[in-house]
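Listed in order, the protein sequences are those of chains A and B.
Just so you know, we're using this note's numbering here: the first sequence kicks off at 297 and counts up by one.
Just so you know, we're using this note's numbering here: the second sequence kicks off at 45 and counts up by one.
Hints should not be assumed to be uniformly reliable.
[Unchecked claim] Quick list of in silico lysine-lysine cross-link-like pairs, DSS-like style, CA-CA up to 30 Å:
#1 A:Lys425 to B:Lys471
#2 B:Lys736 to A:Lys354
#3 A:Lys425 to B:Lys104
#4 A:Lys300 to B:Lys104
#5 B:Lys465 to A:Lys425
Hints listed in this document are in silico derivations from the structure and should not be mistaken for laboratory results.
Being a predicted model, the structure only gives us computed values, none of them experimental.
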Amino acid sequence: MGSKHRIQITVNQEEYDLLVHPDRTLLDLLRYDLGLTGTKEGCDEGDCGACTVIVNGKVVTSCLILAVEVDGTAITTIEGLHQGDELHPIQQAFVDSGAVQCGFCTPGMILTTKALLDEIPDPSEEDIKHYLEGNLCRCTGYTKIIDAVNMAIHQLK
Amino acid sequence: MDNFSIVGKRIPHRDAVEKAKGSAVFASDIKLNGTLHGKILRSPVPHAQICNIDISKAKKLKGVKAIITSKDTPQIKFSISPTWADKLILVDKVRYIGDEIAAVAAVDEETAEEALELIEVEWEELPAVFDPLEAMQPGAPLLHAAVENNISKTLTMECGSVAEGFAEADLIFEDTFQTQAQSHCSLETHCCIATCSPTDDVKIWVNSQAPHPLRQKLSAALNIDAAKIHVATPFIGGGFGSKIDLEPAQAICVLLAKKTGKPVKIEHSRKEQFMTTRMRHPTISKLKFGVKRDGTIVAKQAEVVMDNGAYNSHGPAVMAYNNVMFSTLYRVKNIKYEGRLVYTNKNWGGACRGYGDPQATFGQEVMLDVIAEELDMDPIDLRLKNANIPNEVTANAVKITSCGLKECLTQAREASGWIAKKAERKKYRGLGVAAMLYTGGGSIGSGFNYSGATLQMNADGTLHLLMGAVDIGQGSNTILTQMAAEIMGVEPETISLTTADTDTTFPCMGTFGSRVTFCAGNAVIEAANGLKQQLLENAADLLEANPNDLEMKDKKIFVKGSPDKAMAYAEIGAASFYKKKKPLVAHGYYNGPEDVSPEFDPATYRGYPAPAMVFGTHLAEVEVDPATGKVEVLNFTAAHDLGRAINPLLVEGQIEGGAVQGIGWSLMEDLQFENGEIVNPNFHDYKMLTIKDIPKFSPLLIETIDPDGPFGAKGIGECAMVATAPAIINAIYDAVGVRIKELPATSEKIFKGLKDK
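Looking at chain A on its own, in the form it has when it is part of the complex (with noise of 0.2 Å):
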């Protein structure tokens, strides 16, 4: 299994200092080492997108990367979203637009979101979907998930 790395990371804005195996992925480290379950594991193939997060802004399948590649970076996940009760204008969309079923795709699809919308504000309906194709639903048919997005970059402007 080889020596334990040191890392240290900021995760929702709370800064780690941590000693992990060097096969650990990042989606595990998150789950098991930090309890922040709302990473879902669907694949563990880098298939679904339910395991995304945001490191440095960018989205990544946090299932395909090892936690000692995200040395020294900033990661957002779902919980470091809203501000205690109130939520982040994106997933006060997801709820209000009927985009959450079963929710096990929804953190990942709430996070790929905020990383497009961060990016492109004023996304076309393309962006949109070349966004998340990467993040697969089995509930709702995306079409909601759609109209969430669209509700999102009207409450944002």
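Fit chain B to the supplied structure of chain A, relying on the hints for placement.
Leaving out everything else, chain B in the frame of chain A:
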């Protein structure tokens, strides 16, 4: 129009905030101190007798706490019905790649996996059979020794006389249609955590669609008193039928917890999920229709071979549903159905959204398109000509109450611009239509269709609702509290909930058969009406008035005309606890319908006893790329007779999600086997639709107000995918003249069809 203040409103899912914050706890998120990790040794071969299992090396591995094999499990077979039971929890003869052989509990996942590799299994490999038509032949390898020709079940039904019907017909149509295996692909895989107390009380947290039946099945399969099993459900990440049956992993988890005295967690990997989730049964359906020149269908017949995979699970019931749905759609006097459910050495089939209906509807509705073309009749007119109508009994003795099939057809035609687009005839573009029916509230065919609810008033006047029903994402928690809130005159979000917990809630059959809205809804209404009555009686007592003179408003009760002397719910609640010492609580329990037809046959489901039937029409507009055969679905109109939309926002979500699952099955989803091995057990090779692939949706909510439904509502969950495939296949034909009869309609098949023209 009824004037409701909460029912019929677009209210977001009550659990959506927690889910959007990432704080909703799913099974995999539960963390108990000292949890061991369970892993299952699965068969790498499709058919073999196990001669010996040597666990000695694995046992010695540091961190391994328990290993179990077939010897450690009761030799009790299970299925959804005891009469079809054919599967042991851990087997001594493997029948498909993935069959459970042994299991390990260890301190972590890595150790458990390492231990699996150290278990030595000696086999005697047996010849295997993968094609159901081959499996039926004399001399084919037998999966289950006592089952001749691998035919698990033969189902034959004739109503009227098809011979007479075909003789009477002006035209006869015959064709064969094939459907493929589909996997449910809930984003959350199967997961459970079990504990066992020193007094042998078992608790399991599990993502089950049917926690109460699961308790019974665990009890039967493991020979444990059901009263000593507590099934609890955390949030559930989708099901689509995959989480109804007892999963061997759940029983194994309990056995390992009993053996070690520690909490044990088992979670399927995505590959395991594909390997072992009971797939949608593939079918080969030979259809024959007899039709009059005016479009009247006078006889129809189906000969179906259904690929059961290695074990029964829901198979016999899925085949019966295949019959019911084929036979009940349209007013046809002469009907014949012959079905054979055939074992093969593949992953087993099971409940999958639609339960045999999508397979039946695909063939029938493509056939109707063929007929319409031959008769030079508009496909919608042909369907209208034969459409079911309200308040009739069909030739196969199915009682239909509310029925909006004609409204679905006409409104879908209107909303889609069918007539104008058909006239315009854009090149490579096509329109296709398909109708469907399904149950809108489960069925009492098994003798059971129960759902219970309890509504209680707390001392502070707030309400607590306890229901056996489980919300797997479809939104039952939201709509059922809406119903209670409407009756009690409170805001739905103020009602707290306990659901789907076998120790605290009345039993519910579970979330399947599009039954929760109807069955649990009726239970909730009964409980709420009971509590309302108690509340009024208590208020009458406190106000020294007659209950009939009272009015309820803004969570207060007062004598009509005297709102100034009102009793608040909080005062009545407190008085019930502290003065009267008789807290207010009411129960509701549904188990219907009661008027089962005397013609009901539990084998064929002739006289199928559903409390209500739902109807729908899907209308697809596609564009086909002639250079590649690729289909783009542009627009999709989905009209559903759902009785009443308790919550239009949520029901639209059900329709859109179901239709997209249906589009996936139509065009690309195909669980593929090579020598019994699934070659695409991942989301990379098994193609689900992404956000890029979806059409523009127009869901149409047709409200027929069912006489027996809660607020007139009927179920919708499964119905939403049933008519999708034939609508798309018919649209492809309309676009380019290629008729696909074997799903999925891949680009390759369409391209070949274009070449061969």
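Checked hints:
1. Between Lys425 (chain A) and Lys471 (chain B) the alpha-carbon distance is near 27 Å, which keeps this suggested pair within the 30 Å criterion.
2. In summary, the hint linking Lys736 (chain B) to Lys354 (chain A) is supported, as the alpha carbons are separated by about 21 Å, within the 30 Å threshold.
3. This hinted pair does not check out: Lys425 (chain A) and Lys104 (chain B) have alpha carbons roughly 52 Å apart, beyond 30 Å.
4. In summary, the hint linking Lys300 (chain A) to Lys104 (chain B) is supported, as the alpha carbons are separated by about 26 Å, within the 30 Å threshold.
5. Using a Cα cut-off of 30 Å, the hinted pair Lys465 (chain B) and Lys425 (chain A) holds, with the two alpha carbons roughly 27 Å apart.
The structure fails to meet hint 3 from the earlier list, while all remaining hints are met.
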